[in-house]
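> Okay, here's what each chain looks like letter by letter:
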Amino acid sequence: MASSLSVKKTRLILGVMNRSLHLSSSLKSQESEKLENKKESSLDSEEFRVYEIKGLKKVSFVRRPERWSKRFPPPRYRTMPTDQDWTDVWPTASTFKWSAVPFPVRQGYVENSSENEGVIPSKYANLELMKGPNFLHLTPAHVKKHCKAIKHFCTQWPEGLDTDEQCQKHFPLESVTSDYVFAGPSLTDDRARVASIKFKLTDLELDNHARDKFIRLVGDRYDPDTGDVVFESNRCPLKSQNLEYVKFILTAVYFESWKRESWEQQKELSDMEQYVWDQNKSSKTCVSLLSDIKARDMASGDEQGKLSYLSEKEVDASVVSDLPEVQQYKEAVENLFNDGESIETLNTYRMAVEKLLNLKLDV
Amino acid sequence: MAASIGQKLSSVASRTNSLLKKTVKLTEHTPCACPYYSTAAKRLEHEPRIACRTSETDPRKHTGDHVGLYYTVPEEEMAVIKTGMHPWHLRMMKSFNESCLMVRKPALELKGYLDKLNLKHPVPRFLLYGRRGSGKTLTLHHTMQCCHKDGWIIVHAPWAGQWVRGWYKEVAVSTYKPDRYDLPADSAEWLTHFRAQNLGKLSELKTTSEYIWTKREKAEVGTSFEEIINFGLSRLKFSSDCVGVLLKELRVQAETQGLKVLVVVDSVNAFYVQWNQQNALKNMEKKQLRPGEISLVHNFKKMLSPTWSHGVAICAVSEEANDEDKREDFTPIYLLGQEGFEALDPFIPIYVPDYTEKEALSNINYYIDRNWIQNDYGKTDEGKRELMFVSNRNPFNLAKICAQL
Amino acid sequence: MAGISPWAVKTVHKGTVSSRRLFVIFAHKRFLEFRAQNVVRLSSAPDGNDRLHIAPVTQNKPTAKAVTISKAMRAYMEQARAYDDKMKSEVADFEIGKRHLANIMGEDPDSFTQEDVDRAIEYLLPSGLYDKKARPVMKDPYEIFPKKKAAQFGLDGRPYHWMYFTILPNYYSALYEITWKLEALKDLEDQMRAENRQDEMEGQSFNTASSEWVSLQALKTKMVENIKEKEYKHFVTLMERLASHPLSAREKDFIMEWRVLLQSEELQSAVPEVEVEEGGRMCATASGTRKSSNAIVKVYMPGSGKFNINGKDLTYFSQNLYRETLLLPLVVSGLLGKVDAEVDVELGGPTGQAGAIRLGLSRALLAFVEEDVKEKMRLTGLLTKDPRKRERKKPGQQGARRKFTWKKR
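Chains as they are written, first to last, in the UniProt record's numbering: chain S, 1 to 363; chain X, 1 to 405; chain D, 1 to 409.
I should point out that these hints are in silico values taken from the structure, not numbers from a laboratory.
Please note: incorrect hints may appear among the correct ones.
Unchecked claim - Under the rule of at most 27 Å between Cα atoms (straight-line distance), these lysine-lysine pairs were calculated in the DSS-like manner:
#	chain 1	residue 1	chain 2	residue 2
1	X	K301	S	K355
2	S	K284	X	K301
3	S	K360	X	K61
4	D	K220	X	K105
5	S	K294	X	K260
6	S	K360	X	K302
7	D	K139	D	K230
8	X	K302	S	K355
9	D	K312	X	K105
10	S	K281	X	K120
Remember, it's a predicted structure, so these values are computed and weren't measured experimentally.
My request is simple: use the sequences and hints to build the entire structure.
Below is the structure:
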């Protein structure tokens, strides 16, 4: 039945258009059928065949039940109002779900028009979008809700701790511990037991010797650039034990650095971390040179070119080192060694020596 | 910018305008004794004369106005400073067919100090420092020439590094003290150099004490320096002792007789720092020698200590005299080490900078004048500026770059 | 096929033969008439989308004849309707999606611009993919979906374009236009020569230095036609011929339609901003890379030629070669001795560092030089990054290319 209908349809069109091969062949077969019928009727003459006029007899159609197929409802985002509360739609972290995301985001690299007709793949079943992380659970609204939820756990910020400097002043010791949360089966993490404390070396009460010893004792835990000391421990099984332990270390090192052992007396000039002029050969050379000059000045009795600042005083190591010229010289030498050589420090040294020896530059 | 430099230079030139006219004369009548085939230094008549010289050949009269200008060292004085000069400089001077030095600020500073010096005080020490090739050695030469004119006795160690390096040289146990070592050849060489530098002044100087060389040979009181030098040169075994005797006599006589002594030591850091195992001087037992164990160095160190007067010690530190791993910086204490600093302290450090813009321009002009730069682009303002940039105005670097042009 | 016009086709059908030249002239006249009647837009449709619209401005006049729609037209119309419907729904989705996105980000949906959309997408769906084209996007559907060619013929099946039957009407009409422009120029040249006005012709030639011909891909999209390599070559040859004519500067606008500027836009964006420091000194900062070295160069103007490289002056480079490397940009820009530079350079060796500084210096100097000097610097290659890098070692080989020594046993 269906085929005959289609034949009729094609016929209509065929009146105008060319006949296709398939259609013409089907027509031929119909005509040959009719011819055969005629032959049969002529042979079989006992019973007359009743001529059935089409359309007189009612034909009842039995509608074939439709095959069951899964009907999908329209995606969820179609029914979403644009002023909805997004935190209800996407409450927690989850993989990208195309039907719940209401904006037509696309992802995929399309080289040219030969790939996917030049269109970037849409979000529907887009693996690329599902693979990557998303922050749909951390929108500003979410953050606000989270903050609101944890707010009543917070206490008020103490007064007088408005700036970092104030915090640093009142709480010089900073301890750091970490907690780790997992989605995995184990709740423990090795790193959770690590505890560290940090403080500025200047916050400790130390004299020159103790400071030096402290630095030597802590080694690379002291950073000379920032002045920070960091003690870290993971040797105990518990975090609290580790924290106690690093505090104990601080105490121990502090008191140890104040002690003076007998072998510390053997410290030599080359062990010094700073150049101290008074202990070095430079001071002795200076004193002997000045006394020599004074002796020569006295001998010659000549006023010109004399070291004027030495004239009356007795040349003695203690007296000499108090002279402003010598003080300046001392500073210059110490600078030279402690701050490092540069044209500037060398020039200050030169000026100091000029004054010390009464050498005048005549340009 | 270049125009302003040009103006500065021309203003300097106008101040020394009268001098310039003399310069013309001078260059025209420069005696050219030897037959000379090079075309490098011949002046062409049509070339513009560029202000890069001063006719003030007396280094004592140089002032700040002369900074950056070249002066000609007269032939007879050249003979004095020649022996201590680096062959490279001599070669350049030969190419230029004249011996010219640039007046630079450190030399003027040294001269300024020397003029105002109280000679009765213990010897002041001056230390030149600066980058490689910045002109420390030539500054020393400038000062030496200056002092030579003033009648100073010059004690000059052209390159102290030579005495501490062991380049297959003869090392003998000292005849004076058994724990010291002599360098006969080096001592003899220095004696010749000393004699050449102080030509005509040594015959008047006599020893003040007796020196016994061997059982049979000795120098009586009143032996002239000339004779001591001759003895050292004929008996090489005692040449180091002769050096010691001369230096000691100079110290003594400077104190007592008012002799003016100028001690110049180039690359003085060689006296204080150890050399590496390969290149260091070794004794007969292949034991590495410390610089202090060498009698020459020992005697020169005495000249640098402030125990005597009527003298001046001018030293220069150089990176080349240090081991290769200790050449990162050019500053004195780094190069001298703690020991060297303590030996020389307190000294006046004098920085020898690279050329200023004016000096560099003057140098380039001098090279153009001497046909050392023949490339036409090198003679333009842009070319000069490029040369200054690439050489970073370092004198030696500039000379090296210009050598290719 | 290039010169075939409806007129020519008709004539051939009749079997009469006239001169080809005549056809062309006739055809050109017809083309001009056609241009006058119909607005041919090769780019920029009124709605802002770069879709090609070739449609007569005056629509088909109402006639008494029964309108017959050709089959091809009907198929096309169905396609077009489907496309339009799809685009409409996509646009609607996009608009609603934008409002949703604004709501998610807690912003006002009415003033939510495309920039906001991009930012929101980057926040919500961050992606570290190297190629930016591979990252998530949300754009206007008209930018996502490729353009479709509009109908080329009316309801009656008659093509709008007189070169419809050449298959590539836009391409061939462009060729046609070029040819006619060239002919006009030739005529003008002859005329000027006849009038002895050769001196006026000097400097009238088009300068090809700062631009190049559009690529094949760009030409394809511009014409919305599937142009082949051979045809592209033909096009370029013809354009070259026009551009090299001594009077070609007169057709500058036309020629520039088919050319793209070389880097000059990049150059515009690359010129660093000039900041004024305390004391009235200007400074500009730029960065450069070479091999594995990175340099940040700060140039001060006016200056005296001082360099500060990692706290040192030019002695930072011990060899003259490296200083010469730095010299080049200063010489080309003519700023040697007139600027100071402060340089932070890290990683790599001296060659790489010098190269990195050179590139950074050249870029920074752009802020202080004239347009023509910029062009000069570009042509010198100072602004081009040297892309060479150390080649990796390969397994089974001794180095990047070198093989192990072959030993028989």
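> Against each hint, give a clear statement of whether it holds in the structure.
Taking the hints in turn, this is what the structure says about them:
no.	hint	in the structure
1	K301(X) <-> K355(S)	holds (25 Å)
2	K284(S) <-> K301(X)	holds (19 Å)
3	K360(S) <-> K61(X)	holds (18 Å)
4	K220(D) <-> K105(X)	violated (73 Å)
5	K294(S) <-> K260(X)	holds (21 Å)
6	K360(S) <-> K302(X)	holds (25 Å)
7	K139(D) <-> K230(D)	violated (35 Å)
8	K302(X) <-> K355(S)	holds (25 Å)
9	K312(D) <-> K105(X)	holds (23 Å)
10	K281(S) <-> K120(X)	holds (24 Å)
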